[in-house]
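*Asks:* The chain contents come next:
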Amino acid sequence: MRAENYEAVRQPPSNEYELNFGPNHPGIEGNYALKVKLHGDQVVAARADGGYLHRGFEKLMEGRLWIQNLALVPRICVPDPAPMEVCYSVGIEDIGGLEAPERAQWLRVLQLELSRMASHLFAFGGHAATTGMYSPMFWGFADRDLILDLFEELTGGRVYHIYNIPGGVRRDIPEGFLDRVTSVMDYIESRLSDYDNLLFTNQVFVDRARGVGTLNQQQALEWGVTGPNLRATGLAFDVRRDDPYLVYDQIEFDVPTEQAGDAWARTLVRRKELVESIRIVRQVVERLPSIPGPIRCPIPNPLAWNLPAGETYTRVESSKGELAYYIVSNGGDKPYRVHVRGPSATHAVQVLENLARGSRLEDVAQIMFSLDACPPEVDR
Amino acid sequence: MFMLHYCTGCGAIELPPAMTSRFDMERLGIQPMVTPRQADILLITGYVSIKTLKRVILTYEQMSSPKYVIGICSCTVNGGMYWQSYATAKKLSDYMPVDLYIAGCMPRPEAVISGMRTLMENIRSGKADNWKDYYQRYDHYLGNQQGLFGEKWQTPTDVIAEADHYGLSGPGTRGEHTELLLQHQKPLEALEMRLGLSGKTVEVES
Amino acid sequence: MSDIDHKARGSLLNPIKNWQFFGRKPVTESLDPRPASLNYRGFHLNDWEKCIGCSTCQKVCDNAAITMVRIPGLPDDPVKGVRNERPAIDYGRCCWCALCVDLCPTGSISLSREYVHTCTEEEIGSYFVLPDPNGIHGEYYGLGWSKSEDADLVDLERQSMAESAPEVRIGTFDEIVGGFDPQQAIVEASRCVQCGMCHDSCPTHMNAPEYIRAIWKGDLEEAVREIYRTNPFSHVCGRVCTHRCEDACSVGRRGDPVAIRWLKRYAMDNVDHERVRAIAAEGKAEYISGKRVAVVGAGPAGLTAAFDLARKGHEVTVFEGLDKAGGMPRYGIPEYRLPYDKLDRDIDVIQAVGVKIQYNTWIGRDITMAQLQSEYDAVVLALGLQLGRSTRIPASDHGQVRKAVTLLRQITAGESFDLPRNAVVIGGGNVAMDIARSVARLQKQQYGEVRVTVTALEDRAHFLADPAEVREALEEGIAIHDARGPREVVLDAGGGLAGLTTWRVKSIFDEQGRFAPTYDEADERTFEADMVIEAIGQMADTDLLGEELTERLEWIRGRLKVDETGRTSEAWLWAAGDMVNGPDVVHAVRDGHRVAAGIDEYLTATEAARA
Amino acid sequence: MNEEVALTPTLKAVLSEFDGLRYRYTSARRLRVDLPSDALPAMLELLQGRAGYAHLSAISCVDWPDDGDFELVYHVWSYTHQNLVSAHIRIPRDPGVYLSVYDLYQPAGFFERDIHEMFGVYFEGSPDMEKFILTEWDGPPPMRKEFDSEGFVNDHFTWQEYRPEWLEEIEEQGGGITTRPEDIRL
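Residue numbers (our numbering), protein chains in the order written: chain L, 883 to 1262; chain X, 38 to 243; chain W, -14 to 596; chain E, 417 to 602.
For the record, the hints were derived by calculation from the structure and aren't laboratory data. Warning: the hint list may mix true and false statements.
With a cut-off of at most 25 Å between alpha-carbon atoms, the simulated DMTMM-like pairs for lysine to aspartate or glutamate come out as follows [unchecked claim]:
#, chain 1, residue 1, chain 2, residue 2
1, E, Lys561, E, Asp599
2, X, Lys128, E, Glu566
3, X, Lys169, W, Glu108
4, X, Lys128, E, Asp510
Each pair of labels, with its calculated beta carbon distance range [what the hints assert, rightly or not]:
#, chain 1, residue 1, chain 2, residue 2, range
5, L, Asp1124, W, Glu142, 40 to 48 Å
6, L, Pro1171, W, Leu459, 46 to 54 Å
7, L, Glu1071, E, Asp510, 37 to 45 Å
8, W, Leu459, L, Glu1057, 19 to 27 Å
9, W, Asp241, E, His572, 43 to 51 Å
10, L, Pro1171, W, Arg239, 28 to 36 Å
11, E, Asp519, L, Glu1057, 22 to 30 Å
12, E, Ile600, W, Gly268, 22 to 30 Å
13, L, Asp1124, E, Glu562, 37 to 45 Å
14, E, Trp575, W, Glu206, 50 to 58 Å
15, L, Asn1098, W, Glu14, 40 to 48 Å
16, E, Asp482, W, Gln343, 50 to 58 Å
17, W, Arg239, L, Gly1014, 24 to 32 Å
Note that this is a predicted model, so its numbers are computed, not measured. The C-beta atom is built at its ideal place from N, Cα and C for all residues, glycine as well.
Here chain L stands alone, though its shape is the one from the complex:
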């Protein structure tokens, strides 16, 4: 490994200087770094530096059985693991010609939306914190935890659910679960106005977040921005609606947008998506009892399961944007190649670099959090 990393920096005598922003820095989401060149407080140039969370997932997956990888994939994006599982499972079903039973699909939607809410609560809690407002963060985490409790009950794990399996899901809902889901939904709904008072109509936050890290729709498309960040620039695109998977085509929901395209707008879009997610969850709660099992189609013994040769590109809408798996099977019992296209792949590198340039140092953290970039997903 290169020792130069730890050699002294010879700074040219000037009022420009370099600063390493992270990896160990409260203003960085996760374990990630940004090297910024500063002129006073102005960021002249920024360069993302990743790999601190690199585990070589794609390599690992080539060495494990199709099913074993299910334990691996959620780890790719820690705050929002559910889409990873679902996307991978759906991909395998696609290659293997399996059909997940309807009930399983609804359960997956339930899992996805709860996970999305958890992730969004996390995100705007974090964003608020970067502007020095800690209460929303405290509230956000506390409320997110109620959702984690639901996960624990449904899937046996708070954060890593490992709930999906090719062909369906691993467990049916426990007794009285849907009622508890409803009550949590009611509670979070009742909290929304508090969040508005505390954050979105709070002038401190508004003034702090508006106009920061602005990108217009044109740039967003050029830079390959997706998800809430894209919707914050006024383009209503959502994989759930426009490239439907599972049973999303049977579900009513809107795709909220904002025009401003700045940090405030991005976070606000997430705030609005909370409402949509609650709507979706309520529909699931309503429909689920009338949908009979099973929750999994028969699958072969995992130890002896060859998937037919083939390839698939499956996309889902994660809380951070477009998540895609490109899976190639050569007819073996292990994947031949899995390529994970995390939404943050674009957000955390090119977009972040571009937005940071010209911003003020104190806003860099805010920009990163408002992009809701997820380093583990970039590093993989």
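Once you have looked at the hints, place chains X, W and E on chain L.
*Replies:* Coordinates of chains X, W and E only, in the frame set by chain L:
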């Protein structure tokens, strides 16, 4: 106790809940701290990629003694689920002394908190003093570090001097590996030490 | 939702409103860990009573976190499919995905609701845990994620096997079982969890996991190669083996065992015979040892021994009294269970490696043991058990009272005998079923109706015959009366055979477990018959050894005494097969290997001594 | 697969520009196109310019050492047609050089950079071929099939050797470890 705010891996996701209202670590007087210089606890939250490991070691050395390392999740013990991965370190204790492990993948906030309480107990009873081990067996740790990062590996901190300062330098402090270090070491000037203060690694565009 | 206006200043009252928060219920939890949810994935539990040490959990673990540990004192019985091993979990690897739980064949392993464990560097050993029913700290926190219908990944149902219907098969000697088609075979093979219980329980330790996996991969030649490593009677064992493997199969714990026997049959039937010969000949020794070995009896034991010895470069001659090789599988097992052309293939493969068979040569009549001793370096006795035992009940010496083995041989040889219109079979073993069903077929062919009655000492629950055999016999219209002991053969005035009187059996064995049946003489019943067939066991025809040799040899209760290599008290003489360890084809094969190994060792030793 | 899904006129027009090109619908919204490597940039340009495939979803690389090829797959999505085209090309593994499409799709910058460090494929004209994730890795490109991650790990790291009491006891009684996980991996 101040806990260094450095999320090296997955496990970090359970810390915010542990620190905020629901489980509220502050009840125990535990708070996140942004700079290693003022932190008592280095929490290794899961796997450390080799790239991160360098920063972690740097950070650890910058922390002022007495200091305590907690390794949470499976990964810090025996590689965890990334045992096959070329990119992550397997046994944290090869590179720095660990005072406490918390099992789980990842451990729930409750587990983290009871871990913290155990650590406090161990500190009170004087059971937790592995930080001394780093000085006493620096050569051993340095050897493992060099084995992984190459023999040119060096950090801005002069551990041997510190060892002498604490009167902890023993037979294991110096050795072949420290010899190697001295050969390659480039003297560090005040400026870099100051930059080092911020707890961030200083790098050159190559 | 209504759009949020960023210019909205919020109400002046907000600060006052916020007092309400004091009225809210606090969200903070107590410091002590909360109880986890009902299907939480916490630390492992393992029910040692249920666990059989099959190590399936170890194979499915994606993190290589499970180590199998042998624990003295636990039951360890290959035949029952139980090992004294238990999984130990490395919590420095585990990720609590619970795949081990979902794939556990027995359902013994599960996860608890316990989730707190901390330790210091010195106590790091506590991360390596041997789960028991109590939990890793000896305190039970309740069951978390465990085996459930939903999550079970073990495929409990066997692929259905095509069988010809009773009314069809009763009229012919054609084979009943259809065999797997490729699709079925692959699916069936994929059910295997590679635990190796079958290998351990098989008398000749066939590499079943290996050939099953090869079949699953579609590499049938590899499968045949694995099969021939331990068993030259592959076609035979693919059809009529007593399949202890399937009794031990761990998948069979909660469902149908993997159809190991049918898979073997599938592999053998679907590889071209020429290739099978080539594969069987692989690894045959180049050199010629110049040693000559004589084998008496061309049955499974004898031919297996011959096969091994020939492969090792010795010159082997097999002496067979009858005009075809195969022994009991040919002359004892009816064709509807084992078609002769399949048996011929096995024998052909064995001959292809250089085994010479001399037919119609009876020891003691055409050639004496003394001759063999003088002309050969070693001799193997594999006579089998071709004499039927007699019940010795009154009038059992009547001409129309016949021995099952004799009849079966005649049927195979195509010899004609006066086929009874109404037959009674004594015995509840497989031979009884074989003769009953064979006679039934002949009756169907000649008289158009089946009139066969089977009377057995045992009650139905303890029948010695394979349950499938009994089921099929009943389907074919054979009457089976259990728990009936033969009392006497009834003759009519003309001295012709009229039937068999029986008593109901009260008990078969006495306290010491010796065979001493007691009868309820009040419950007497007579079955009409014009032939009574005794199928109560067989014995070896040892007369042909000649008195002088019989004198010299050591015997135990009528059986030859042999050492662990199958060698008799005579240095040059080995004995193998049914005559040594009772009737069972796969045992005979094992025995053949055993004596072959012993003889080879002996011959090479003498060679070395001479050099 | 289902050929009957009709191509949109624009798409038809674009595809008809090229010969030696095969396409098929793998599902209603997924079109797989196989084409010679030299034709790709031109096609992407047309897809973007004429057919409105504005979003480069990803570039995937697959290593086929047996064929001596790298397979590059360009996934482009059209917000207007709501349809995803996956363009497959093969380039020789050696020297493993191809053209960058950065000037068409800026996100390509990241994906190409990623493929470069993971597979060692060099993209001419890409603004930035510097390492991003593996800056401190000097081994071979890890995603190449010939790189054995497990082997590397065993050479560079040590494992725990647990000695819990229960194990000691069992060994005293004559038991002990029989199968280690590495012995039985499928």
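*Asks:* Take the hints in turn and mark each one as holding or not.
*Replies:* Here's how the hints hold up against the structure:
1. In summary, the hint linking Lys561(E) to Asp599(E) is supported, as the alpha carbons are separated by about 23 Å, within the 25 Å threshold.
2. About 16 Å separates the Cα atoms of Lys128(X) and Glu566(E), which keeps this hinted pair within 25 Å; it holds.
3. About 18 Å separates the Cα atoms of Lys169(X) and Glu108(W), which keeps this hinted pair within 25 Å; it holds.
4. For the hint pairing Lys128(X) with Asp510(E), the CA-to-CA distance comes to about 38 Å; that exceeds 25 Å, so the pair is violated.
5. In this structure the hint that Asp1124(L) and Glu142(W) lie 40 to 48 Å apart at CB holds, the actual value being about 42 Å.
6. Pro1171(L) and Leu459(W) have their C-beta atoms about 48 Å apart, which keeps the hinted 46 to 54 Å range intact.
7. At about 60 Å, the CB distance of Glu1071(L) to Asp510(E) disagrees with the hint of 37 to 45 Å.
8. Roughly 46 Å separates the CB atoms of Leu459(W) and Glu1057(L), a value that falls outside the hinted 19 to 27 Å.
9. Range check, Asp241(W) to His572(E): Cβ separation about 47 Å, and the 43 to 51 Å hint holds.
10. Roughly 30 Å separates the CB atoms of Pro1171(L) and Arg239(W), a value that falls within the hinted 28 to 36 Å.
11. Between Asp519(E) and Glu1057(L) the beta carbons are some 59 Å apart, a value that contradicts the proposed interval 22 to 30 Å.
12. Distance hint for Ile600(E) and Gly268(W): a CB-CB separation of about 26 Å, consistent with the stated range 22 to 30 Å.
13. Distance hint check: the CB atoms of Asp1124(L) and Glu562(E) are about 40 Å apart, consistent with the given range 37 to 45 Å.
14. In this structure the hint that Trp575(E) and Glu206(W) lie 50 to 58 Å apart at CB is violated, the actual value being about 39 Å.
15. Checking the proposed 40 to 48 Å range against Asn1098(L) and Glu14(W) shows it holds: the Cβ atoms sit about 45 Å from each other.
16. At about 54 Å, the beta-carbon gap between Asp482(E) and Gln343(W) stays in the expected band of 50 to 58 Å.
17. Between Arg239(W) and Gly1014(L) the CB atoms are about 59 Å apart, so this pair departs from the stated range of 24 to 32 Å.
Hint compliance for this structure: hints 4, 7, 8, 11, 14 and 17 are broken, all remaining hints hold.
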